[in-house]
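Peer 1: In case you want the letters, here they are:
There are 2 protein chains.
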Amino acid sequence: MTFDPASLCFDANGLIPAVAQDADSGEVLMVAWMNVEAVAKTLDTGRVTYWSRSRQAFWIKGETSGHVQELVDFRLDCDRDCLLLQVRQTGPACHTNRRSCFYTAVRDSAEVELMAPDKEA
Amino acid sequence: MTFDPASLCFDANGLIPAVAQDADSGEVLMVAWMNVEAVAKTLDTGRVTYWSRSRQAFWIKGETSGHVQELVDFRLDCDRDCLLLQVRQTGPACHTNRRSCFYTAVRDSAEVELMAPDKEA
Numbered sequence: 001m002t003f004d005p006a007s008l009c010f011d012a013n014g015l016i017p018a019v020a021q022d023a024d025s026g027e028v029l030m031v032a033w034m035n036v037e038a039v040a041k042t043l044d045t046g047r048v049t050y051w052s053r054s055r056q057a058f059w060i061k062g063e064t065s066g067h068v069q070e071l072v073d074f075r076l077d078c079d080r081d082c083l084l085l086q087v088r089q090t091g092p093a094c095h096t097n098r099r100s101c102f103y104t105a106v107r108d109s110a111e112v113e114l115m116a117p118d119k120e121a
Numbered sequence: 001m002t003f004d005p006a007s008l009c010f011d012a013n014g015l016i017p018a019v020a021q022d023a024d025s026g027e028v029l030m031v032a033w034m035n036v037e038a039v040a041k042t043l044d045t046g047r048v049t050y051w052s053r054s055r056q057a058f059w060i061k062g063e064t065s066g067h068v069q070e071l072v073d074f075r076l077d078c079d080r081d082c083l084l085l086q087v088r089q090t091g092p093a094c095h096t097n098r099r100s101c102f103y104t105a106v107r108d109s110a111e112v113e114l115m116a117p118d119k120e121a
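So the protein sequences, as listed, match chains B and P.
Using the UniProt record's numbering, read the first sequence as starting at 1 and increasing by one per residue.
Using the UniProt record's numbering, read the second sequence as starting at 1 and increasing by one per residue.
Be aware that a few hints might be false.
As the list claims (entries may be wrong) - In silico contact screen, one side only, chain P against chain B (beta carbon under 7 Å); selected entries:
#1 M1
#2 F3
#3 P17
#4 G26
#5 R75
#6 L84
#7 A110
Claimed, not checked - Cβ-Cβ distance ranges computed for the label pairs, FRET-style:
#8 E113(B) with G46(P): 18 to 26 Å
#9 E63(P) with V112(B): 23 to 31 Å
#10 P117(B) with G14(P): 28 to 36 Å
#11 G66(P) with S54(B): 36 to 44 Å
#12 D44(P) with E113(B): 19 to 27 Å
#13 V72(P) with R80(B): 22 to 30 Å
To be verified - According to the in silico footprint, chain B covers these stretches of chain P (three or more CB under 8 Å from chain B):
#14 18-25
#15 30-44
#16 94-103
If you are wondering where the hints come from, they were derived from the structure by calculation, not from laboratory data.
Quick reminder that beta carbons are idealized off the backbone N, C-alpha and C, glycines included.
Next comes chain B alone, as it looks inside the complex (with noise of 0.2 Å):
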């Protein structure tokens, strides 16, 4: 069955939230929005392209910091309402410089700091 990117369930924005995930490690990096025509550019292009909710604008991942992510796989949910994109991520994933944007964990009711920034980043 040929993928119609209208054939996905966008929010009452049209967004569809994408999570991305490292296609070699599994870590799950950041999870952003994307509109019809974000998806259409990804698929096409196999650079990831969000919808960049506080500037309203397409956002080529990596397109100013040189973070990329090239696609590995494109899925989508039993719903049609959720995507996940396996990866190859460049460089840190986080607008902090860190790997993966879910760095904070609660444990013992407490946020804790799983990583610190890359340092060279």
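Following the hints, complete the assembly by docking chain P onto the known chain B.
Peer 2: Then chain P, alone, in the frame of chain B:
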């Protein structure tokens, strides 16, 4: 720093997306939503509890199916607007009886089914 669920950034509907990941294999199992009380219940009980948008009710994962998610680690992202739950999943996570909800890939413009439903579930 003591963690306060109300310190998370919830959307206009009072919800935050939560990615459930198998704590051992790293497989991304599903994405669902929580409100502030669901976050508190999950942390208090160690049993992952979502908010069902369709039923507008708490959804203690596995309460009827037995396919529970035991919380192993609770993480939040840099913007505090997304959660990553590392879990021990009993049985399939997906209501279609597949291990993961992300069983469809898009490859060469076509949808490909990556896994079949569990037989015995």
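Peer 1: Hint by hint, note whether the structure agrees.
Peer 2: Here is how each hint holds up against the structure:
The interface hint given for M1(P) is met, as the beta carbon of that residue sits about 5 Å from the closest beta carbon of chain B, less than 7 Å. Interface hint status for F3(P): upheld, as the beta-carbon distance to the closest one in chain B is roughly 5 Å, under 7 Å. Against a cut-off of 7 Å between C-beta atoms, the interface hint on P17(P) holds, since the closest Cβ of chain B lies about 6 Å away. At about 3 Å, the closest approach between the beta carbon of G26(P) and any beta carbon in chain B falls short of 7 Å, and the interface hint on this residue holds.
Taking 7 Å as the C-beta contact cut-off toward chain B, the hint placing R75(P) at the interface holds, the least distance being around 4 Å. Because the beta carbon of L84(P) sits about 4 Å from the nearest beta carbon in chain B, less than 7 Å, this interface hint is met. Taking 7 Å as the C-beta cut-off, the interface hint given for A110(P) holds, the closest approach to chain B being about 6 Å. Separated by about 22 Å at the C-beta atoms, E113(B) and G46(P) satisfy the suggested range of 18 to 26 Å.
The given range of 23 to 31 Å is respected by E63(P) and V112(B), whose C-beta atoms sit roughly 29 Å from each other. Judged by the Cβ atoms, the range 28 to 36 Å given for P117(B) and G14(P) holds: they are separated by roughly 31 Å. For the pair G66(P) and S54(B), the supplied restraint of 36 to 44 Å holds, since their beta-carbon distance comes to about 42 Å. Separated by about 23 Å at the C-beta atoms, D44(P) and E113(B) satisfy the suggested range of 19 to 27 Å.
In this structure the supplied range 22 to 30 Å holds for V72(P) paired with R80(B), their Cβ-Cβ distance being about 28 Å. Proximity of the segment 18-25 of chain P to chain B, defined as three or more residues with a beta carbon under 8 Å from a beta carbon of that chain, is established by the 3 residues found. Coverage of the segment 30-44 of chain P by chain B holds in this model, with 3 residues showing a Cβ closer than 8 Å to a Cβ of that chain against a need of three. Evaluation of the coverage hint for the segment 94-103 of chain P: fulfilled, as 7 residues show C-beta separations to chain B shorter than 8 Å, against a requirement of three.
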